[in-house]
Amino acid sequence: MSRITPMLRLTPQAAGELHRQCTKATTELSEMTRYRKEFDRQLKKLIGYEALRKLHNGTGNALLLVDLVKEAA
283 MSRITPMLRL
293 TPQAAGELHR
303 QCTKATTELS
313 EMTRYRKEFD
323 RQLKKLIGYE
333 ALRKLHNGTG
343 NALLLVDLVK
353 EAA
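Heads up, the sequence shown is in our numbering, so the first residue is 283 and it goes up one at a time.
Derived from the structure by calculation, the hints contain no laboratory data. Please read these numbers as outputs of a predicted model, since none were measured by experiment. There could be a bad hint or two in this list.
Listed below are the simulated BS3-like cross-link pairs for lysine-lysine, each with C-alpha atoms no more than 25 Å apart in a straight line [what the hints assert, rightly or not]:
1. Lys306 / Lys319
2. Lys326 / Lys336
3. Lys319 / Lys336
Between the sequences and the hints, there should be enough to build the whole structure, so can you do that?
Structure follows, in structure tokens:
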């Protein structure tokens, strides 16, 4: 009764391009994560742990609000 979804077949060229794009995105994500961690470390050193925690919480709340506004529109 449940159907099996057929597998997507890619040409070797398409698979290679998809692999390159995935590798590039993974590398960029790794670089951004490394940058963010170092930025947070230096910011915590400058303004203190508690201020950094409040900044992170405020940013998270602001992003949630933006998502909520988009969803309501």
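Results of checking the hints against the structure:
The hinted pair formed by Lys306 and Lys319 meets the criterion: a straight-line CA distance of about 20 Å does not exceed 25 Å. Between Lys326 and Lys336 the CA atoms are separated by roughly 11 Å; this keeps the pair inside 25 Å, and the hint holds. With a C-alpha separation of about 17 Å, the suggested pairing of Lys319 with Lys336 holds against the 25 Å cut-off.
Of the hints listed earlier, there is not a single one the structure fails to meet.
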